[in-house]
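Visitor: Produce the complete structure using the sequences and hints provided.
Number of protein chains: 2
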Amino acid sequence: MTKVIVRSFSISLDGYGAGPNQSRENPLGIGGMALHSWFFPTRTFQRMTGGDGGATGVDDNFAAHGFENVGAWILGRNMFGPVRGPWPDENWRGWWGENPPYHVPVIVLTQHARAATRMAGGTTFHFVTDGIHSALEQAMAAANGKDIRIGGGVSTIRQFLRDRLIDDLHLAISPCLLGSGEPFFAGLHLPELGYRLTELVSSPNATHLILTKDV
Amino acid sequence: MTKVIVRSFSISLDGYGAGPNQSRENPLGIGGMALHSWFFPTRTFQRMTGGDGGATGVDDNFAAHGFENVGAWILGRNMFGPVRGPWPDENWRGWWGENPPYHVPVIVLTQHARAATRMAGGTTFHFVTDGIHSALEQAMAAANGKDIRIGGGVSTIRQFLRDRLIDDLHLAISPCLLGSGEPFFAGLHLPELGYRLTELVSSPNATHLILTKDV
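If you read the sequences in order, they're chains Z and H.
Its first residue numbered 24, the first sequence is counted upward by one per residue in the numbering used here.
Its first residue numbered 24, the second sequence is counted upward by one per residue in the numbering used here.
Honestly, the hints are just simulated from the structure, not real lab data.
One thing to keep in mind: the hints can contain errors.
Copies of the same chain are indistinguishable here, so a pair counts whether it falls within one copy or spans any two.
Only pairs whose alpha carbons sit at most 25 Å apart, straight line, appear in this in silico SDA-like list of lysine to any residue [what the hints assert, rightly or not]:
(1) Lys236 <-> Ser60
(2) Lys169 <-> Pro124
(3) Lys236 <-> Gln161
(4) Lys236 <-> Ser203
(5) Lys236 <-> Ile53
Because the structure is a prediction, the values reported are computed rather than measured.
Guide: Listed below in structure tokens is the structure:
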């Protein structure tokens, strides 16, 4: 059965899921790269980027698990790129180069229509303009019975949480303070929405949480 | 040299330093007791409450360290008690019974004057009505060269942080979600205020952080 999941989503100690002022130079906002300090050294990430080393252990287990059985992704537009407003052309094809690390259909939430963009390695970006429920339906059709991973950013995940559409989340609290940016928890009453902490594992690099929706 | 410190201040995974609706029945707001789940089992707390057992280890080390070399405390009024507005009488003498765990002068921030209240065991509550800088001066005079511990709550600590009056803080992130309450970090740009993460230690019960002010 298809689950809707969040994996390896990093937040700072002070609760930000991205720094301020996202731009082409700072895809995660200013200072936001520090959020992934636990992820970059893992074998999972190193292999994604063509290396063959990388650390194994708790962090890598979480990182690797995040790519298992994923049949489709959903991304907010800002996670797809820094372009705002109507697409001036189709030149922006994501942050990840010609062979993005998805290898399955990726639904991008946007208010501005655009034709699907087929990339190397099995990734196709589909642009959905009629909201998160529609995006979820299209992801469900595309996922072929596998899971749907909501990649981010903060605002996208929060929208899905508010409608109780996510089955479980893995969050990684990174050892950094951002001071400003996009707050993940503010105004989001997870216990009232039916989410419980079901697992907590700390490594020297991150505190990993699993939040699970009550059935 | 006297330092101004925060120790063993607990926040939830979603960043709340107290639950909502503090009352006589819920000194830490609804659900707020879960914030101290790491602290209650420690030998330090057990001894404070007359027991002679309790756990040693990482959590206890932090708990014990918080009581070392403290010459005076500063508390916000809500941490002193649930009474709001002018004091109807002097019957409320804190949450802690006749022998509170301070054993030194305790400055209570309030907008309503009240005579000092002398308790057993060396604790005297002094009520200061002219703001945090005045409270700090009085604590300084009382501390006799030892440190001044800001006990809380959230709003009090945030006021001292905004004015860069705290030298270092130990925060404990507890494995709980409160969903609402008093947010600790919201709108507080700790890096811009000159605070850096200088230590992070995880136990199964809490993630302990030390934040230190740049000199």
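Visitor: Tell me the numbers of any earlier hints that the structure contravenes, in ascending order.
Guide: Those not satisfied: there are none.
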